[in-house]
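Undergrad: Chain residues, written in single-letter form:
Number of protein chains: 2
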Amino acid sequence: MLEITSTQNPKIKRLVDLRDRAERDKSDLFLIEGYRELLRAVDAAWKMETLFICEELFLGSNEGALLKKATEQGAGLIQCSKKVFEKISYRDRPDGLIAIAPQRHLDFGSLKRLSKNSSPFYVIAEAIEKPGNLGTILRSSDAVGVDGLIVCDRCTDIYNPNVVRASVGTLFTVPTLEARGRETLDWLKEQNIAIVAATPHAKTSFTEVDLTRGIAIAMGTEQLGLSDLWMKEAAIQVSIPMRGVADSLNVAMATTLLLYETLRQREAKRQHG
Amino acid sequence: MLEITSTQNPKIKRLVDLRDRAERDKSDLFLIEGYRELLRAVDAAWKMETLFICEELFLGSNEGALLKKATEQGAGLIQCSKKVFEKISYRDRPDGLIAIAPQRHLDFGSLKRLSKNSSPFYVIAEAIEKPGNLGTILRSSDAVGVDGLIVCDRCTDIYNPNVVRASVGTLFTVPTLEARGRETLDWLKEQNIAIVAATPHAKTSFTEVDLTRGIAIAMGTEQLGLSDLWMKEAAIQVSIPMRGVADSLNVAMATTLLLYETLRQREAKRQHG
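Protein chains in written order, with the numbering used here: chain A, 1 to 273; chain B, 1 to 273.
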């Protein structure tokens with residue numbers, strides 16, 4: 001196995017460059033760091049190009065099985081010295097595992113084919129800025145089993161290392177696509193999917209509307225909320241009750257509440273007719 | 001007004017020292033930074049000892065009104081040069097406002113007196129480590145109007161600057177106390193308040209139990225969940241459905257879901273009998 005001991009090695013430089021969005025966009029590659037994240041990637045058969053490892057930094061005893069699976073799926077292995085690995089790691093406590101992997105780009109057709117629900121259930125994240133919020137939205141989307149997350153008019157790309165990390169690898173299982181707002185709206189209309197918009201101005205609480213039909217829950221930026229493009233097309237506008245001094249929740253918390261309320265209503269309908 | 005231009009000034013050193021928990025514990029003081037946080041503090045009549053300002057860094061036009069209120073409530077004002085303020089600020093983009101304020105320590109008696117509900121509704125945060133999570137729990141607690149947050153066997157003190165920040169100042173309005181687990185359990189029992197524990201092992205979903213009676217929702221550490229002390233005393237054990245590949249949500253998200261489900265049930269009962 002190739003071993004890299006110099007931080008000047010071009011393979012190392014190429015890896016570090018992928019922290020930049022421009023480099024990710026150009027190369028169509030991204031980084032996956034950490035045991036848990038990589039395990040979810042191989043379990044989802046997400047092919048990796050190269051896996052950089054530093055055995056000295058491994059934290060557990062199951063790394064061997066992970067490496068075996070990854071190489072069976074086609075990943076090349078590169079051993080790094082501790083010094084090199086600490087340079088390429090994005091974390092405070094590196095665990096000796098970072099991969100370069102190809103991005104995947106779903107289209108609306110494949111999103112529809114992957115859907116498991118007769119009344120589909122999508123999440124729209126419009127122009128979310130903070131990678132942590134996008135990662136948390138992915139995590140909640142995984143937890144409730146949405147049919148897809150559509151990132152519209154992106155500010156932060158879903159392959160940002162902090163999104164991958166905050167998603168705890170759920171990025172590899174939630175069907176996710178990036179698209180323009182206008183084309184997303186057209187597609188949703190064609191599919192007869194109602195847009196549910198959360199806005200502090202709505203009079204109806206999110207627990208008082210029917211979320212069991214085909215819906216797309218649309219969430220906007222941390223600062224400004226949803227754009228007019230989405231607000232105008234929203235068949236259902238809901239607010240989240242705020243009983244205290246603060247006037248809004250973080251966008252990831254608000255999304256999580258709407259997702260679980262949808263799940264609750266659908267479960268209740270399934271059980272009680 | 002006193003103006004400080006040297007980062008070696010003892011008043012500056014004293015302020016910076018309050019970033020450390022040992023110093024906060026010893027002095028019984030803490031830091032409040034930022035316009036929004038300080039506004040919530042003065043609105044809640046939380047007396048400040050000293051307010052350090054740098055007009056050059058002000059971002060808005062309402063700082064004057066805030067300073068007026070704070071000084072009327074007894075705060076001393078100290079002007080700092082930009083260089084000094086950038087040293088004392090905890091933020092990437094300082095907005096020219098940091099206060100030193102006394103901590104408050106509620107006891108169970110005052111928590112009970114402050115309660116507005118005939119069926120009280122408390123949150124127990126046991127040994128939460130990440131300040132961001134504790135801050136988010138405060139934010140959700142404010143949003144649903146809990147009767148109090150009890151931080152048990154603390155890992156992170158509620159006056160940590162990152163808790164104050166993540167709470168967006170809701171720390172000043174949510175009745176909050178720090179206590180030992182054992183004494184909290186005894187008090188809750190005495191008040192006939194049922195403990196609701198969230199655990200992945202429970203078979204019942206959090207939406208399927210009655211949360212309208214007097215309850216305390218108990219949440220444990222990010223890594224290990226609730227300790228046995230709490231699990232043993234929990235009259236109601238619930239789980240949060242997980243339909244995807246991940247096996248748990250972040251503790252702050254889980255708490256937010258339980259809080260809003262409680263609010264939903266209580267509202268439904270109020271409206272429909």
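Please keep in mind that the hints were generated in silico from the structure rather than gathered at the bench. Any given hint could be a false lead.
Just so you know, same-sequence chains aren't split out, so a pair can sit in one copy or run between any two.
Said to hold, decoys possible - Quick list of in silico lysine-lysine cross-link-like pairs, DSS-like style, CA-CA up to 30 Å:
1) K87 - K232
2) K116 - K203
3) K269 - K203
4) K82 - K112
5) K83 - K112
6) K69 - K189
7) K69 - K83
8) K47 - K232
9) K11 - K203
10) K203 - K47
Undergrad: Run every hint past the structure and note whether it holds.
TA: Going down the list of hints, with the structure as the test:
In the homo-oligomer, the alpha carbons of K87 and K232 never lie at most 30 Å apart, since the shortest distance is 48 Å inside one protomer and 46 Å across protomers. Taking CA atoms no more than 30 Å apart as the test, K116 paired with K203 passes between copies only; the shortest distance there is 24 Å, against 32 Å inside one copy. For the homomeric pair K269 and K203, the shortest alpha-carbon distances inside one copy (24 Å) and between copies (19 Å) are both at most 30 Å. For the homomeric pair K82 and K112, neither the shortest alpha-carbon distance inside one copy (45 Å) nor that between copies (55 Å) is at most 30 Å.
Proximity of K83 and K112 under a CA criterion of 30 Å is satisfied in neither setting, with 46 Å inside one chain copy and 56 Å between copies. For a Cα distance limit of 30 Å, the shortest separation of K69 from K189 qualifies neither inside one copy, at 42 Å, nor across copies, at 52 Å. Within a single copy, K69 and K83 get their C-alpha atoms as close as 26 Å, which meets the 30 Å cut-off; across copies the closest is 54 Å, which misses it. Within a single copy, K47 and K232 get their C-alpha atoms no closer than 40 Å, and across copies no closer than 45 Å, so neither meets the 30 Å cut-off.
For a Cα distance limit of 30 Å, the shortest separation of K11 from K203 qualifies neither inside one copy, at 55 Å, nor across copies, at 49 Å. In this assembly of identical chains, the alpha carbons of K203 and K47 never lie at most 30 Å apart, being 47 Å within a copy and 36 Å across copies at closest.
Consistency with the previously given hints fails for numbers 1, 4, 5, 6, 8, 9 and 10, ordered from lowest to highest.
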